[in-house]
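Trainee: Protein sequence lines, in the order shown, are assigned to chains A and B. Heads up, the first sequence is in numbering that gives the first Met the number 0, so the first residue is 0 and it goes up one at a time. Heads up, the second sequence is in numbering that gives the first Met the number 0, so the first residue is 0 and it goes up one at a time.
Mixed in with the good hints, there may be bad ones.
Incomplete in silico selection of chain A near chain B, CB under 7 Å [what the hints assert, rightly or not]:
no., residue
1, Met103
2, Leu209
3, Leu251
4, Asn262
5, Ala266
6, Gly267
7, Ala273
8, Thr278
DEER-style ranges, computed between Cβ atoms [claimed, not checked]:
no., chain 1, residue 1, chain 2, residue 2, range
9, B, Asp665, A, Arg116, 32 to 42 Å
10, A, Ser106, B, Arg44, 42 to 52 Å
11, B, Ala130, A, Asp472, 46 to 56 Å
12, A, Lys88, B, Gly507, 54 to 64 Å
13, A, Asp375, B, Thr99, 35 to 45 Å
Think of the hints as simulated: they come from the structure by calculation, not from any bench. Even glycine gets a Cβ: it sits at the ideal position worked out from N, Cα and C.
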Amino acid sequence: MSCHQYEIMHSRREFLQKTGLGLGAGALAHLLGGCATSDVAGDPHINGLPGLPHFAPKAKRVICLFQSGGPSHLDLLDPKPELERQFDKDLPDSVRRGQRITGMVASQARLACQPSRFKFTRHGKAGTEISELLPHIGGIADEICVVRSMHTEAINHDPAITFFQTGSQLPGRPSMGAWTDYGLGRMSDNLPSFVVLVSTNKDRSGQGLLARLWGSGFLPSAHQGVQFRGAGEPVLYLRDPEGLTREQRKKLLEGANELNRLNLASAGDPEISARISQTEMAYRMQASVPELMDLAGESKAVMESYGPDVNTPGSFARNALLARRLAEKGVRFVQLYHRDWDHHGGLHDQLPKMARDVDQPAAALVKDLKQRGMLDDTLVIWGGEFGRTPYAQGGANRQKYGRDHHGKAFSIWMAGGGIKPGMTFGSTDDFGFNTQENPVHIHDLQATILHCLGIHHERLTYRFQGRQFRLTDVHGRVVKQILS
Amino acid sequence: MFRPLCLLLISASAFAAEDIRFNRDIRPILSENCFYCHGQDPKHREADLRLDVRDEAVKAHDGVTAIVPGKPEQSEMLKRLLSHDPDDQMPPPESNRKVTPAQIELIRRWIAQGAPYEKHWSFVPPERAPAPKVADASWARQPIDRFVLAKLEAEGLKPSAAASPAAWLRRASFDLTGLPPTPAEIEAFEAETTLKSDAAYAAAADRLLASPRFGERQAQEWLDVARYADTHGFNNDSARSMWRWRDYVIESFNANVPFDRFVTEQLAGDLLPKPTLDQKLATAFNRNHVINSEGGIIDEEYRVEYVADRVRTTSTALLGLTMECARCHDHKYDPISQKDYYRMFAFFNNVHEYGEDGRIANAVPLLVTPTPEQQRRLREMDQRMEAIDLKLQATPAPAAVPADLRARLTAEDAKLQPKSPKPAKPAEARLLAKDADVDAKRGTTLSVWFKAKTASLDAPIISALDRSGNPAAVSYGGGRELRLVGEELEWAASQRYPAYATIVRTVGAKIRPGTWHQVAVHIHGKENASTIALFVDGEEVPTQIRHDGVSGAPAKRDWLLGADGKAKPFDGEVSGFRTYPSLLKSGQIRHAYWLQSTDKLTAEQRTVADRGIARRHTGNNLALQTERDTLWTERLAFIRNLPTTMVMEEMPTPRQAYVLTRGNYDAHGEKADPGMPEQLIAPWPQDAPRNRLGLARWFLQPQHPLTARVVVNRFWAQLFGVGLAKSVEDFGTQGEWPSHPEVLDTLARDFVDGGWDVKKLFRSIVLSSTYRQTSDATPALYARDPENRLLARGPRVRLTSEQIRDQALAVSGLLAEKIGGPSVRPYQPEGLYKGIVVDAPYPSTTWELGKGDELYRRSLYTFWKRTVPHPAMLTFDSPDREFCSARRSRTNTPLQALVLWNETGYLEASRKLAERMLKEGGPDDAARTALAFRLATGRAPRPAEIEVLVRTLAQLRTDFAARPDDAAKLVKVGASVPDPALPAVELAAAAGVANLILTLDETITKN
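Let the sequences and hints guide you as you build the complete structure.
Mentor: The structure is reproduced here in C-alpha cells:
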C-alpha cells in the first residue's frame, strides 16, 4: 500500500486530489451531485481510510473505562501475601533496583512494605483472585481477562494518562479514539464515532483531566472526541436557543443550504457540498443525542443492575449505561474517565468508596452487553494509568495507609471483543513491584486494542512533519496470548 | 464508492511535462523509501550501503553496485525495486513501503541520464531566477506573476479572471486585518477602481497595511508558532502572564519592525548591548512552552523538556526542519546528527529555571514588564516625588532633635504592641525566637537588626525555613527566611523552596559589613510578591521579584540565627528581633528604627539619623513627609503589582550540555557545545558569539538558505491556504518540492535584500495578478487542482476560528476595538470545567465571565487555557497551543454548525445584526436582508438569494407572531440589551435570518 493513502487529507478537497486524478469531469460532477444531499461516502473523515480494517476485526467497538489516578493493583487485582510477611520491613534493594521514585516519597527515610488490608478470594471456574472490594467484578471473573503485568514509563499523572491515551508522555499526539476514528471512520450518520464521558463522584474531588486527552493531536481536528456531558447540554451547543422551535431551525437550515447550493453552482468548490451535508448531520444530532441520553426506555431490571447511582447524572453507573447505549447506536470508541484513584494517604478509607462506585456498574455493563449479544464484538477495558507502590507513603500500618504512584507493575482487566475470557495473564514479583512473567507495556496494550479492531498497529500511520507517526511510536507488540 | 479509485493512485506530479530533476522527482522517492535504512544514520544502516550520497551509491559493495550511472540495467537498485522475490525485493515487504511503477520508471530514466545528484534544494541559498517568457506578458503586475503564468501556460491552463473589486477587498481585508470590509469601504473602493484601477488597489492595500488591525492579524499566526497561551499546561494548568509579549508582537508588526530585528529580539533581546525593556520582553518567545507544576515530578526531566521545546519551536519557526527527530538518534532522513541536535540544545540550556514551577503564577526567570501607560504613570509619580523633595530640602535642618520627641515617639511605638522573644538559652544558641507572633492573615511587621562581618555574603540572616530532608521532596523548604545577598536583602515565604515560594530581593539596600542595619518586613495576605514590603534602616526600598509562586501558607517554625541543618550560622551579629501585630506605616517604621538605633550606630551615623528626624519634625515637614511616604509606598506597591513576563536570562556560567543517550534526561553522553549544522546549512558568522545572539545572527545572515524561505512560505500559506512548499514545517528531504520554486526564491531574496520588510512583502503579493484572480472555478479545475497548487485561480479558504467570530462581532457592531492588555473571558458554556479541571484554587481553574467590552474583544485576546481551550475555537481548528504549530487543519464538521447556531456569542451577534437590519436596512424585507447579506459576504445578494432570505424571514415572522413569548425569549440572549424600540417579533425573525446568514459557507470563507 502506498504511503500516499495515509497522507494528510485535510479536507474533502484534498481527498479529491488524491483520488480524482483518474476521473473525468463528468464523473466528478456526478459525485458532487451525490454529495449535495447527505451522501458523503467518499469523505475519509467519515468512512475511514481505504484498506482498513487491515483484517477481519473481532471487535467493532471499544468501551474504555479509564480509572484516572492510579488504582492500587495490590488492593484490587494482584494479591501479594508476601507483603504481609514483610510488613514494615524495608523494600529490598534487589527489588527496587534503583528505580526512581517520586518527589512525594523522596523525603521518606525508608520505604516500608505495606500489605493490603483487604481479602482476596477466588472467583469463577478460572479461580481468579480478586479483592473483596470488587465482588461484582468477581462475579464476572469468567468473562474477563485480568492482566497483572502491565507497566508504564511515567510516574506522574499527566504524563502517564497522556501515555495511556496517546502513546506518548508529552502532549500533542492523537488519542486512541482519534486514531480509530481516523482509520475506521464513522458507523453512524447521527452520532460522532468517538465519544467521551467523564464521571465524578460528588463527594470527592480529583486531579485535573485534560480535554486534550480526547484531542486529535496532529490529526485533523474532525477526529477529536466529542464529550457527552452528564449535566447541562449533553453536547456543547447542541440545544437550540430558547424561543426557537425545531421547525424554525429546520427552515433556517433549509434556507441556508439553498443559499449554499446556489453558491456551489457559481463558486464550484466541492467543500461547499461537504458543509451542506455536515450541517444536516448537525440537525440530526440535535435529535439523536437527547434520545440517547434519555433512559426512559430502559427496563427496570437493567436500570437496577447498574446500581442505585444510575439515577444520578454524571455518575460512573449512569455513564456505564450510556456507554452501552452509545455502543448500540454505532459509536465506535467510548472513552469513559472516572477520577480520583490517587490514594497517597487514606487509601484504606477512600479505596472502598471508589471501588463501590465502579464495581457493580462495570460488571453490569459486561453482563448487559453479553445479554444483548454485543460482548463478542465490543472490547471493554478497565484500568488506570499506573498502579501503586508496595511500600507505604508515610509509615506502614495494618489499618491506615497510603501508597505512592507506581508504574513498574499494575493490573487492568479486559473483556469481550476478541479477548480470551476467564483468565489471568502475566505476573509480578512477590512484592508486586516488578513485572515477572509476560510483561505488557502500554504500547503492547495499544497494539492489542488496535488488533482487536482489525488494525495492524504498525500500518495505521499519519505523516506529520516529514515522518510517519503511529499510536505505538516505534514499539508495541500484540499480546497474542490473551486473544480469543 | 471512492475506495476502489484509490487503486488508480499514481505519482501525483503536476509537473510531468518537464525533465527529471533529482531534488524534485527522485529525492522524495529515495527519502521516503530508502534513506531509513540506507541513509545517513550509521546505526540503522543496512548492508553498509548509503544512497543519500552519490559517491557511496555508485561504489561497488562486494561486487554489486547500487547505481551504475547511465546503465539502469546494471544497477542493483533497479533490479531490487523490480524484484518480486520477497528476499530480494526493495523496499522489503515488511517495511510497509512501496515504490510505484511510475516512480520506478522515473528512477530508471534518471539512472539512464547519469544519475546526477543535487544538494537538497532548501540547503542552497535562494537566488532570483530570470523572468520567464510568457505568451501574455500584459497579465503580470508583479515579478512573481510571470513565473506563475509561465507554469500555467506550460500546463495548458489560463489564469482565472480578476476577482471583482469587492471580492478582492474582502479577501485582502481578511488577509491583512483579519476583519471584513464595511459596506462603505467597499462602495468607496468600487468607485475608485472605476476611475484609476491599479492605483486604487495600491491605495487600499496601503490603508489596510497601516491599520492597527494588521498587527493583530499577523500576531494570530505568530502566536500559533510561538505556542502562546495564558496557562502553563499539564495537570494543574494554572494561569501565567505572557500577554505583554503578545502585545509586543502586535506592536512590532504594526510598526513594521524589520523581521530580522523581530527575530533577533525574540531569540536574544536580553543579550543585545544595553537591551531595552521591550527587547528583554521579546525573549518571552522562548518561554511560552508548557511548564509542569505537578507535585513530585523529577525536576531535571522537565527542565530538559523545556529546552527541547525551544529547539523544536525555533527550528520549526525559522529552519523549517524537524530537529527534534534527532533528539534520540541521528535524523533518519535529513543529514542532522544527534550531536547537532544537542549543539542547538546548548544555546537554550543556560536558563536558571526549574522543571517543576508555575503552580500559581509565572515561573522563573521573570521580568517586570509595565505597559507604556504604566511606564508613563511611573514617570508621573517620580515627578511628584521630586517636587516634594525640593520642598523638603528647602527647609533648613534644625540644630537638634526637639526635647520631647523621643519620649513621644517611644510612647507611640509602645501603642503598636511590639513583642520581643525571650532571650535564647546558651544551649540553644541558634534559636532566636520560639513561637514568634507571625500571622499573615491579621498582618504582621517583623523587624530585626543585624551586622555582617564580611562583605559578599550569600547566607540566611534569620531563618524559619525547613531545610531538612531531600530537596526533591514535595514538602521541602517550607517557612520564611531573610537572607543577605551581597549588598541586598532577600525575603522568602515558602511552601516548597524555591518553586512554590515568594522570593523578593531589595534593589539598593546598600548593606555594608561591619555596620548595624535594621530590616522590617510586611507579612500579610497570601504573601505573594505583590504584598511584601521591605524597609531597610527605616526606609521602604524597592524590590524585585525572584519567585512568585507561594501556593499556600508557609509553615510556622522557630526562628533561627542563620539556616537550619548543617549550614553555617550567620557570620555576624543579630539583635532586636520584634514583631508587631499590624502593618506599620512608613513613619512608624522610621521612628522605630531611630528609637532602636541608639546603641547600634556610630556617632557619625547617629548625627545623620538625628538630623533626619529633626528635619521631619520641623514646621510643615511632617505633613510633607507623610505625603511623600504615601506616594513612595504607592509607587512601590504599583511596581509590585506590575505585570511580569517569563523571559530568557543567561546564567553567569553556562550549563554544560551533553548528548543525551536515547534522549533520556539523565543519560549524559559526550559534551555538546553551542553550534548549528554549519557545514550543511550555513557557516557560523565571523566574530559571532556562541550564544543566542550569535545564533540569531546565524539565522539572519543574508545567504542563509532556509530562514527567509521558511518565513515567506508561511506568509504565503496564510494568504493562499497552502504554502508554495506545502509542508511549511518541513523543508528537509521529506518535505515536498515547492510548486513554484522561483516564486519562493524571488520573494525570499526580495525580502532579505529589501530589509526584511514584512508590509512590503504582503503588499507585493496582494497586488499581484495571481492573488487578484477570482476563486470561482469550474468543477473541472477543482478536480484537476483541488488545492490550487498551480494558482490558476484565487484563494478560497475557510476563515480561521478567530476570523469567524471577529467577523460576527464586526458586522453586528459589537466589536470592541481596544488593542492589547490582559486576556479576556467571553462567553463559554457554564460547567465546562466541571469534572475536568483540577479541584484546587489555582488561578484559572474557573472561568469568570468578562464584563462589558471584554465580551466583544477580538478573539486573539480570548483567554487561552491549554488543557481546556475555548470549545468554539477548537471546533474551528484552533490548535491547542501545547507546542509550536505552523499549520492549522481546516475541517468541516457538524459541531461547527452547532456552534454557529447556538453559541451565545453568535446568537447575540445575530440579534445585533438584526437590529442593524431593522434600523439601517431600509423599509422592506428585501433591503433589510440584503444589508445583512452584504455585511457578511461583502457582496449584494442575487435575486434568487433575496427570494430565499425574504421567504424565510416572512415565515419566521408569522411563526413568532403566533408565539410572541418565544420571540421575547430569543432576543434576550447575551449581555447586551435589545433595543426596546424594536418589536420583539420583528427582531426575533430578523435575528433568525441574520443567524442563517452568519452560518453560510460563503460567510465563513475567504473567497
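Trainee: Flag every earlier hint the structure violates by its number, smallest first.
Mentor: The structure breaks none of the hints.
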